[in-house]
Amino acid sequence: MKTQILARKERDAREAVFPDLRNVGILARALMLYMAMVLGYALAITAQPSELIINIAVVLAGGLPVAALVGAAWALLAPWLRRLAYWQAAGLLAALTVVVAAWGARLTDAPAWRAVPLALLGLTAILGYFHTLGRALSPAVTEARLQALQARIRPHFLFNSINGVLGVLRADPKRAETALEDMADLFRVLMRENRELQPLADEITLTRQYLNLEKMRLGDRLNVVWKLDKMPLDAVVPPLVLQPLAENAVYHGIEPTQAAGVIEIEVARLRSEIIISVKNPFLERAGAHHGGNKMAMSNIRERLALHFDAEARVTSGPRDGRYQVQLVLPYVAMTKTTDTRSLV
Amino acid sequence: MTNMAAPVRPKRIIIADDEPPARRRLFDLLDELQPAFPHIVVAEVDNGRAALEAAQQGADVILLDINMPEMDGLETARHLLKMDNAPSVIFITAYEQHALAAFEVQAVDYLLKPVRRERLLAALQRVVPLTETQLEALPRGARRYLSISERGRLLLVPSDDVIFFRAEQKYITVVTAEKEHLLEDSLTRIEEEFGGRFLRIHRNCLARADLIETFERDADADGEAQWIVTLRGRPERLPVSRRQHAQVRSLAKRVRE
Chain A
0 MKTQILARKE
10 RDAREAVFPD
20 LRNVGILARA
30 LMLYMAMVLG
40 YALAITAQPS
50 ELIINIAVVL
60 AGGLPVAALV
70 GAAWALLAPW
80 LRRLAYWQAA
90 GLLAALTVVV
100 AAWGARLTDA
110 PAWRAVPLAL
120 LGLTAILGYF
130 HTLGRALSPA
140 VTEARLQALQ
150 ARIRPHFLFN
160 SINGVLGVLR
170 ADPKRAETAL
180 EDMADLFRVL
190 MRENRELQPL
200 ADEITLTRQY
210 LNLEKMRLGD
220 RLNVVWKLDK
230 MPLDAVVPPL
240 VLQPLAENAV
250 YHGIEPTQAA
260 GVIEIEVARL
270 RSEIIISVKN
280 PFLERAGAHH
290 GGNKMAMSNI
300 RERLALHFDA
310 EARVTSGPRD
320 GRYQVQLVLP
330 YVAMTKTTDT
340 RSLV
Chain B
83 MTNMAAPVRP
93 KRIIIADDEP
103 PARRRLFDLL
113 DELQPAFPHI
123 VVAEVDNGRA
133 ALEAAQQGAD
143 VILLDINMPE
153 MDGLETARHL
163 LKMDNAPSVI
173 FITAYEQHAL
183 AAFEVQAVDY
193 LLKPVRRERL
203 LAALQRVVPL
213 TETQLEALPR
223 GARRYLSISE
233 RGRLLLVPSD
243 DVIFFRAEQK
253 YITVVTAEKE
263 HLLEDSLTRI
273 EEEFGGRFLR
283 IHRNCLARAD
293 LIETFERDAD
303 ADGEAQWIVT
313 LRGRPERLPV
323 SRRQHAQVRS
333 LAKRVRE
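Each protein sequence line maps, in turn, to chains A and B. According to the working numbering, the residues represented by the first sequence are 0 to 343, in order. According to the working numbering, the residues represented by the second sequence are 83 to 339, in order.
If you're looking for bench data, these hints aren't it; they were derived computationally from the structure. Heads up, a few of these hints could be off.
Just so you have them, the derived chain A footprint on chain B, three or more residues with Cβ under 8 Å [stated by the list, open to error]:
1. 91-102
2. 191-203
3. 243-256
Part of the chain A face toward chain B, derived, beta carbon under 7 Å [claimed, not checked]:
4. 82
5. 84
6. 154
7. 161
8. 163
9. 165
10. 167
11. 216
12. 222
13. 225
14. 251
15. 256
16. 257
Computed list of chain B residues with no C-beta within reach of chain A, every gap over 12 Å [claimed, not checked]:
17. 105
18. 122
19. 129
20. 149
21. 160
22. 175
23. 209
24. 214
25. 216
26. 295
27. 332
28. 334
Built from N, CA and C at the ideal position, the CB exists for glycine as well.
Use the sequences and the hints to build the structure in full.
Here it is, written out as structure tokens:
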């Protein structure tokens, strides 16, 4: 146990992994930083306001080809760079930057004494930024935040379910048995440390078990339609991404009304993404009835951000008379390494 | 004097819970308590409205789940208060932190799900009718229905159907598309309860904000000129008091845009 912890600490210390420019979030941040630097430099060399636009264009014309080439090499070599020690990777990229900047300067007759240091400064700024960010999001910190964000089931649900089991116990002991088994599975997942990605199929099973429990209480009022024919069987996802959505759908779309309602759950793979959508009846007055679903939604949003950064999206809102929540996350297959938290 | 004790009339009980297994559970427990607490379950209902209807037929105790669709237990209890011979209420709830605190403060009897047999028996044996002050202090949302007593009967008017309220001496006239009813309540309380849905246009009048159609100066007012509003589909020209003028005008403007 102790050695395990030590081993992990050691790994964490080594784990200043080189940023992966193929990641959308990282690329976007790098681009923003680059544009800020271009703007800063253009401002510094501008004397008249009217010249600012021209100067930005000039700076971009000189700098963008170099940045694009270095960036492309960085993205292409990312899998390999990330296997090197951090300083080796940084050194290689710096050397490449010097060569590209010098060559670019020669092509355009610009003074190399300015182009090369400028390009190096830019690279240093970007790497420095990601290094700091990486420390802020270091595995230990991320882990702590993931734990704090662990999806929590509503206490209401626990007591209602126990009551439901007691209600069917005499008339239908088999049903009561299954219900208790489902509850055990559900709470096992809810109470463990949910940090690693889990097979999507497990999450589906868990959600089915949850909905079975609710069906016991709500009877004919709750109807579920599953659309899983395009679901990737080998995908892994953060645990508890679907179950809380189903819980919200029951809470806001089924419980507040006596009418029977349908919850539609669709999971599909679209190229490199997994799309999970949950639709439930949209009840205008449900908002007044209960406290709103902001807690569960922001919890999922934050957990997805910690796992996938900008590559995951969450949208929700009324649509065609139903309320829809949609998650889009990158498709990660089971065989690949499931640790996506060390992107930075 | 051997005044033979008249056989104890079994208590009439209503079970109100929207979840079938929860009703079943209460029914089973009550059945076991039959020797200790002779009773008949006169109705098993799955919402507050049906509970009120059952209560009109006569009942002594109602086991009332708080979390029910359409009309929750707290609102149901509020309407029950207006009935003659209303049954005593035992609330049942799964878990509502805030509500529980309020219940304890008000000494209103409540049972937690899952309900225990002994606890249920204790509650049944000491039930007393609820009082208005107890209910007042419990958490409340806007009513879905207004309960109106008409010739001893309880009439439920969906609050969504109300077009305007007008205060008259002792009562409030509730105007819906079909009918007018008399309600014992206060405009201030209704205004607070439905926050924004009804707009105060006059000291004695609350009108549905989203139905305001025109806002104009009354031409044929003898003497003082007066502002009036009309509501969609209604013939009434409702006077706007000077105090409410600015508020009504800004709303009417927003509606027009």
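Hints, one by one, checked against the model:
1. 91-102: Since three or more residues must qualify, the claim that chain A covers the segment 91-102 of chain B holds, with 3 doing so at under 8 Å.
2. 191-203: holds (count 4)
3. 243-256: violated (count 0)
4. 82: Since the shortest Cβ distance to chain B is 51 Å, the answer is violated.
5. 84: Result: violated, 53 Å to nearest chain B Cβ.
6. 154: At about 5 Å, which falls below the 7 Å cut-off, the nearest Cβ of chain B leaves the hint on residue 154/A intact, so it holds.
7. 161: holds (5 Å)
8. 163: Holds: closest Cβ of chain B sits about 4 Å from residue 163/A, inside 7 Å.
9. 165: holds (5 Å)
10. 167: holds (5 Å)
11. 216: holds (5 Å)
12. 222: With a closest approach of 16 Å, the residue 222/A hint is violated.
13. 225: violated (23 Å)
14. 251: Violated - the Cβ of residue 251/A stays beyond 7 Å from chain B, reaching only about 12 Å at its closest.
15. 256: Nearest chain B Cβ about 5 Å off; hint holds.
16. 257: Given a least distance of 5 Å, the restraint on residue 257/A holds.
17. 105: violated (8 Å)
18. 122: holds (20 Å)
19. 129: Non-interface label fails for residue 129/B: nearest chain A Cβ at 6 Å, not farther than 12 Å.
20. 149: Per Cβ check, residue 149/B is inside 12 Å of chain A; nearest 8 Å; violated.
21. 160: Holds, since 16 Å exceeds 12 Å.
22. 175: Since the minimum Cβ distance to chain A is about 9 Å, residue 175/B lies within 12 Å and the statement is violated.
23. 209: Given that every Cβ of chain A is farther than 12 Å from that of residue 209/B, nearest at about 21 Å, it holds.
24. 214: Consistent with the label, residue 214/B stays out of reach of chain A, its closest Cβ about 24 Å off (over 12 Å).
25. 216: Non-interface label stands for residue 216/B: nearest chain A Cβ at 23 Å, farther than 12 Å.
26. 295: Correct as stated: the minimum Cβ-Cβ distance to chain A is 22 Å, above 12 Å.
27. 332: Its Cβ never comes within 12 Å of chain A, the nearest being 24 Å, so this holds.
28. 334: Holds, since 24 Å exceeds 12 Å.
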